[in-house]
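J.: Spelled out, the chains give:
2 protein chains.
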Amino acid sequence: MSGRSFTTKSIFAAAILCIVGSMQAGAQFPTELNVMPLPAKAQLGSGALKIDAGFTLAFAGYREVRLDRAGARLLLQLSRETGLVFGQAAADAAKATLVVTTDHASKPVQELGEDESYTLEVTGTGAKLHAANPLGIMHGLQTFLQLVSITADGFAAPAVSIQDQPRFPWRGLMVDGSRHFISVPVLKRNLDGMEAVKINVFHWHLSDNQGFRVESHKFPKLHEQGSDGLYYTQDEIRDVIAYAHDRGIRVVPEFDMPGHSTAWFVGYPELASGPGPYQIWQQWGVADPAMDPTNEKTYKFLNDFFAEMTKLFPDQYFHIGGDEVNGKQWDANPKIQEFMKSHNIKNNEGLQAYFSQRVQELVVKRGKTPVGWDEILVPGVPKNIVIQSWRGTEALATAAKEGYRGILSNGYYIDLGWSAARHYAVDPMEGAAANLTPEEKQRILGGEATMWSEYVNWENVDSRIWPRTAAIAERYWSPQNTTDVASMYSRMEAESTRLEWLGLTHRTYQRQMVRRMAGAAAPEETAALSTLTEALEPVKDYEREGDKIPPSNQTPLNRVVDAVHPESEVSRRFSVAVDQFLASSCKDAGEAAELRGQLAAWARNDARLQPLAQRSSLVQNVSPASEALSQAAELALGALDRIAQGLPSSPDLAKQQVAALNAYEQQAHKSQLTLPARAAFQKLIEAGGSGGACANGK
Amino acid sequence: MSGRSFTTKSIFAAAILCIVGSMQAGAQFPTELNVMPLPAKAQLGSGALKIDAGFTLAFAGYREVRLDRAGARLLLQLSRETGLVFGQAAADAAKATLVVTTDHASKPVQELGEDESYTLEVTGTGAKLHAANPLGIMHGLQTFLQLVSITADGFAAPAVSIQDQPRFPWRGLMVDGSRHFISVPVLKRNLDGMEAVKINVFHWHLSDNQGFRVESHKFPKLHEQGSDGLYYTQDEIRDVIAYAHDRGIRVVPEFDMPGHSTAWFVGYPELASGPGPYQIWQQWGVADPAMDPTNEKTYKFLNDFFAEMTKLFPDQYFHIGGDEVNGKQWDANPKIQEFMKSHNIKNNEGLQAYFSQRVQELVVKRGKTPVGWDEILVPGVPKNIVIQSWRGTEALATAAKEGYRGILSNGYYIDLGWSAARHYAVDPMEGAAANLTPEEKQRILGGEATMWSEYVNWENVDSRIWPRTAAIAERYWSPQNTTDVASMYSRMEAESTRLEWLGLTHRTYQRQMVRRMAGAAAPEETAALSTLTEALEPVKDYEREGDKIPPSNQTPLNRVVDAVHPESEVSRRFSVAVDQFLASSCKDAGEAAELRGQLAAWARNDARLQPLAQRSSLVQNVSPASEALSQAAELALGALDRIAQGLPSSPDLAKQQVAALNAYEQQAHKSQLTLPARAAFQKLIEAGGSGGACANGK
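Chains as they are written, first to last, in my numbering: chain A, 1 to 698; chain B, 699 to 1396.
Chain A extracted, bound-state conformation:
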């Protein structure tokens, strides 16, 4: 195959060319692959492989039904993405459009660190995918799928030679099924999404204060009394595990203890450190109840419980939580205090270490490797455990130095409303980790995005996971120098569309939620609510906990804050356009007109929305934010006009307007919302204020 040689690094150079509008001369494809995560190494060829109704797929080498199903999935997804109807099979396997060759089986139960590499060669006449085992094949099939797009000559994949393997062996997504129950169909469509971006661990957070979500035959009061009737049956769990296995995804269960365990105590109060009775907790935060580490019956119970659950979940790793024990029940229990004294345990941290050690022994006894949050790492704990760090890279690096393996979750909390770029900038090897020895670095296994479910349900959970988790997945898979943010957003948007073909609702949910709030409103009014919803974002981090509507799992998730995307694509694009306008061509009439159009639409939007706010309580609720957006946009509009006309404005005025802007931002927070374009508004105001029609001295 002729063509230029591309390392990942030169792909980025190409990406930048691409962004400024350059296209490969004479070719149908941009110089960058529209693939996410980007492969480790890719060499573009010339020409393209046409994909039409004659497309066929054939397997060679090692065969198993999982491969056949992966092939059927490829054909189904390719058919969805193209609208083409494919024939049943190639008559002659060697002549298939895509020939897939597998050397041997992977492990029966997927293991951490198995070979996931593959090579993919696409030429004008066919494609060849090769891997040592089915795991690499499944990743390669997803890459092939991402290569196909519409061209002037129908659907096609560019000629390319790809050699790919992951950077980290543990690339996870945690889903919290406890606080809001996330049903099996919703999980399955998200497993499809995980497969698409090569995530290989589904970490299933199965119990917490708000619900025990697994059917236990041995201790049926766990799910019967510890849930509102919504739990996963063992059949469903086996089905999910099989579904994940089919997609090269391990399933790591988590049973959080000794804290985050109120739901256990509803049926089994004797496990707790304080007197019962207990009820399922409906609020968020850290609850007082914790297991009693001083009661041998606790360990007896857990021993039997683990016997059941380690059989149900085949993965080598078994997550025992261990986070956020506030110790209040322990402090208040004289028997526990007595135990601590007699065992020379100095404080609650020591008591938790004691508990943790006992529990880990029970897990190890079942042949499993314990995983836990930072708190389980205490002096003397065996080296075999894996630390999941919500604290950060420093903690992870320290652990690695001490010989512990770890995975990073700090920086990947997708429930906190961060932008994709902010998550993308977090790297498990940054900070202290950068200075580790190669051997120590090996202990940093990867990372996990965590979808805590306080503010998500079946309706908006996809939108909190996707498409941002695709960017995080790229961080885990692609080489460390894969850091071009504009390229990331461009490819993430394309991946977002592909994810929709899998049935994910991360884009479609919003319009339905808007319609719910608008009722049978006129289209103009519904459009005004859409404009508002598309422009705003939820408050970040844990600010929502202070909502005036007390947050609990009984609170309806039907407000604008639940409907907005964590990252507003409209506001992000506006902000990028403002930067371009201010940096390079501040008087470009076309650019100014485009910015003006958006600002004018936002400025008049509150007035358009008001009639609806009079008729819908859910819209009324968001009136402060609506007013804030319109008034802030009005200020920015004035600033834009000054810039466009080359008029100076006083720093005093700018200062005053920025203060007003901050007040609008605070006003939006009353509806638990933020104005993501606020920084761009401020840039316009200050550019005007600094007298600059030409910010760059033009």
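The set of hints was computed from the structure by calculation and includes no laboratory data.
Remember, it's a predicted structure, so these values are computed and weren't measured experimentally.
Incorrect hints may have been included.
Stated by the list, open to error - Using 30 Å as the maximum straight-line C-alpha spacing, the simulated DSS-like pairs for lysine-lysine come out as follows:
id, chain 1, residue 1, chain 2, residue 2
1, A, 188, B, 886
2, A, 548, B, 748
3, A, 670, B, 748
4, B, 1246, A, 50
5, A, 50, B, 1368
Given chain A's structure and the hints, the job is docking chain B onto it.
T.: Relative to chain A, chain B alone:
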């Protein structure tokens, strides 16, 4: 309950008030119920029933699991529509928010003409639903659901007293599973939609030239060789029937014969009138192959086949097709010609009558009532059959006079791309039927919308059925004088949103299809393709059969013609706005600006789309239509400016421009598309041309 008394007629008067903006003084709801189909009788009260998380539902009187499931469905759907989380059950059934009382069971196998009436009383403190049997209850639950909407005070249902029953007992939707296979999940979501609008017959067209779609244990080559592997297993069929039964819907199977039967002959060529071998037909239209009416083995086969199928399908009615035999195989077969001579059968019509009579006997022998298309009505056929008329009300009225029962499908062919208003205007009792005696009128059982599947698949079939079938369902259910088109469109749009909560994809499919055609295009370009797609409609009736891409079930349904709605909502609203502008306030600046905004957007759209057309063959394909829309809009824009400025224009110019408009329309047809706003454009051009700034002499 205090309040004004409303018959359906006065509801329409109120609807008109509503349209001009009047609201019931002091109340939260418009005077018209936002319900489809409109009930036979409704009396609005004062106040409203608040719907919050405390909403409960309880059953009294006769109980069965089907009712429990209907209640669970109501709660699920209400939860989706409101975002509220409901508790599990009311502690005291009598104190439930909605108390549902059922007198007795309905028939084990749902029968034609069973009582489907119900009464629903909603007050500020609670709601009571009463019906003789579960069928009425299921209809009443759907009405209750439709009453709930967002208000300034949260979700609520208006106080109202409803007495409701259907106008016709046979209210059907036919789905053709043969030409394109329509899978069970797609059927189920459509059954949910049927329940929502009180359709009570699912007519399942199961065999045709393009596929035999039912698993037959007795004759397995029917589905094995007569399909491409896509067929309904008997388990799936029982599942669909149970699903429909749960929703008050009968399932009437159709096996079309003696024509439309090529797929039978692939496995059983001996049934045909000409020599084999046969292949599944992939084209559309009338095929030559037909069963051999002169061969006793044909009847033996059908006798055994019916034995199996009449057991599988419990409904009393059994559809044997009978339409469109071209007779070519009969003419060409000397043995058949000989038989006709020896039996004194004069022509092919006579031969089909002979076949039809023999087949009907076999159906009746199994205790079933035969249903067939117009062609089965020949002199001497027993009175027990039911005629489904694709020919029209004249044929239906003639049959009724002769003592035959019938259902109307002419005018309800939803595959032909008609507007909802056009279907809505068709009434089974119009024309000759209006002059029937009351007894004869009783024989007109209702109607059926028919979803022939030449140009639909899993992706766009919902959009061809919904929301227009909701308007047709209203024709079948509501009193004959329910004819206000503006009211229909307003309520149909609201129902369309509710249907989306059931998982129907009739609105969401389009954006994904647009993204497929656009590939990874910039948002502006994708928006241009959306603008085009939203503005256009497919060519009507059977014009698409002349497509230059030969139509068959191998042709991808991935072009703009497959993505456009049968009725463009944007163009419809534009056309209504033009009528208002021309009729009443032709110089209203706001109205003119709004029309100008839409026309300007269309006028510049082709230029915006061109870069994408260079890169996507699917967009290139639609270039003629894109250019036609923009140029037609440009003409209308000029006309609007003349009108707004009060300038006269010559009739000659208008004539010339209308000719150009017609040429643009023809140009759009090259892409199998039409310009639905063309008539509105012409009105603007002719209003300008007639010198009228003030069309109504203002």
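J.: Each of the hints needs a verdict: does it hold here or not?
T.: Tested hints:
1. 188/A with 886/B: The hint holds at about 20 Å.
2. 548/A with 748/B: holds (22 Å)
3. 670/A with 748/B: holds (26 Å)
4. 1246/B with 50/A: holds (22 Å)
5. 50/A with 1368/B: Answer holds: residue 50/A to residue 1368/B is near 26 Å, not above 30 Å.
Violated hints for the displayed structure: none, as all numbered hints are satisfied.
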